[in-house]
Amino acid sequence: MATLCAGVVLTCLTFLHLRWGEVPMGTAEWWEALCRKGEPSALHTTILWEVRLPRTLTAISAGVLLGWLGMLLQTWFRNPLAGPGVLGITSGGSLGVALAVLTGLTLPTWIAASAGCLTVLVLIAVAARRFVSPVTTLVFGLMVSYAVGSAVTLLQASASAESLQSFVFWGMGTFGKATMWQATSLGALVLACALWMLRRAGWLDMWTLGEDMAQTMGVPPAQFQGELLLLAGVVVGWVTSLCGPLAFLGLATPHVHKFFSKARSHRAMMGGVAMWGAVLALLSDGVVRVTDAGGAHWPLNAVLALFGAPVVVAVLWKRTHDWS
Amino acid sequence: MNLKASKLVVGHSPEHVLLGPLDHVWKAGGMHLLLGGNGSGKSSLLRTLVQALPALSGHVSISDGDHEVKPEFRSKWTKSMAFVSSRPPQQVGLTVKEVWALSGNPSDVEAWHPDLMRLANSRLSELSDGQAQQVMVARAMLQSDRWLVLDEPTAFLDVKAQRRLWQMLEGHVARGGGVLMATHDLWGVERWAQAQPEATLSRSSLAVIREGALGELPLHSSKEDLSELLA
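If you read the sequences in order, they're chains L and P. Note that this note's numbering gives residue 252 to position 252 of the first sequence, counting from 1, and the numbers run on in steps of one. Note that this note's numbering gives residue 181 to position 181 of the second sequence, counting from 1, and the numbers run on in steps of one.
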């Protein structure tokens, strides 16, 4: 039911995002440009197909991917506070990009970000095997995050003003930089991620019962964690390189979904988490676009935290002890 | 099919061997009880047998002479060997039915423990430890109709829940399955041994782990004798 509502909201938001913009269009013109039939104006077609559509698709895909990733990481570490941001994975991506942008390496951003994310993930996965408690793992992730953060600061301190500026802008996060093919590639990643989760839904559910239990139930731990690691690294890397280091979405989305829905098996949660991830991303980007139009230019990351934090607090307020 | 350990060495590292080399056969259709103080290596032995802890050396297999199931054949192995830990998993939001469905057909539980079916739509996290542990034993029975390995499954349970759990295991043994269980429940051991027919007892065993080796004890030991022995 709640997922259905989220679906309706998502549809409305998608429509608004495509329909509304700084350049006004009549309904008929808009429709012609969207369907590319009749004789749409070149300006309108360009705006729809090269600005609004990629931006909307990027927001939806990134929201879905980060929501799923939050869910997967929370399952993997059996910790409700896990998420790409908290575990330092996103900052790993930042470091990668900082190294590439600030030191002038001619490396595509997505490779730099993915490499950074994967490095941190491997670090955390190795550490998680050693630490008995998931809380320790989380603290470790936070420490990695701080250390990586200060490495980025050091790089910034010695960078040129020009590269510094481009890095700072990247760090604020945006859904608006991706081209149509990049947005489509995010969509493809959503599909790949969905297929993997459907295939491994049983393993994921078993993993929630504990590592020993999962292992004796037939989950090969090395293979399972290897696949998760690769998936998380590629997804966070790709999203981070296109949209910047997005705070919050990954951690918050599963909790928002769990607040509205009772189902806890991964197969049942996939749809809802995806919906809420996309809704939260579109809502935040809506605020960004409205402030952009008003000349205030709020960065996406600020909006995400500003609106996301109270939502998560509200959710947690209602569930004082049951983390499941 | 019997559970067999061959030259099995148990421990966390070669410098810190807990047990072995161990050659032992646990007979199918029997209840095998394992005693031993904290830190004796009971849990490590069980976790090694179910492959949650890698053996330092040696092998584990399930065989009846003609057929042999080895842990390397993961899907066959998991159908012959299931594990129950001392504490049911905490903070699991899956429903009982969903947990069972991971290992088999949930409606099979009806025949073993009809009362448990009432919990089918509850979340695991909403149950008491006693209820959850019975759910986990039922899950293990869905996974494997051969061997169940349990690590002090009654440690956190009250008397009533302990009795239900013993009953479930007795049922599994009566159907021809094997049970290997570490326990501190001396009272339960004594009561169980007194109630069993000779045929079951002839396939069962009681052993204690001491100084890195497995020592057999008479099945009809009284709980006073056993506590004396373990003290």
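Any given hint could turn out to be false.
[Stated by the list, open to error] Each computed DMTMM-like pair below joins lysine to aspartate or glutamate, with the alpha-carbon atoms no more than 25 Å apart:
(1) Lys97(P) x Asp292(L)
(2) Lys70(P) x Glu211(L)
(3) Lys76(P) x Asp212(L)
(4) Lys76(P) x Asp292(L)
(5) Lys262(L) x Glu211(P)
(6) Lys79(P) x Glu162(L)
(7) Lys177(L) x Glu162(L)
(8) Lys177(L) x Asp292(L)
(9) Lys70(P) x Asp212(L)
(10) Lys262(L) x Glu198(P)
(11) Lys7(P) x Glu162(L)
(12) Lys160(P) x Glu211(P)
(13) Lys97(P) x Glu170(P)
(14) Lys79(P) x Asp212(L)
(15) Lys262(L) x Glu224(P)
(16) Lys223(P) x Glu211(P)
[What the hints assert, rightly or not] Per label pair, the in silico range of CB-to-CB distance:
(17) Ser122(P) x Ala194(L): 43 to 51 Å
(18) Phe156(P) x Gln165(L): 53 to 61 Å
(19) Gly271(L) x Ser128(P): 27 to 35 Å
(20) Arg267(L) x Lys7(P): 57 to 65 Å
(21) Gly271(L) x Pro54(P): 32 to 40 Å
(22) Thr179(L) x His67(P): 55 to 63 Å
(23) Ser122(P) x Leu191(L): 31 to 39 Å
Rather than coming from a laboratory, the hints here were simulated on the basis of the structure. Built from N, CA and C at the ideal position, the CB exists for glycine as well.
key: Non-conforming hints, listed in increasing numerical order   = Violated hints (numbers, rising): 1, 4, 5, 6, 10, 11, 12, 15, 17 and 20; every other hint is consistent with the structure.
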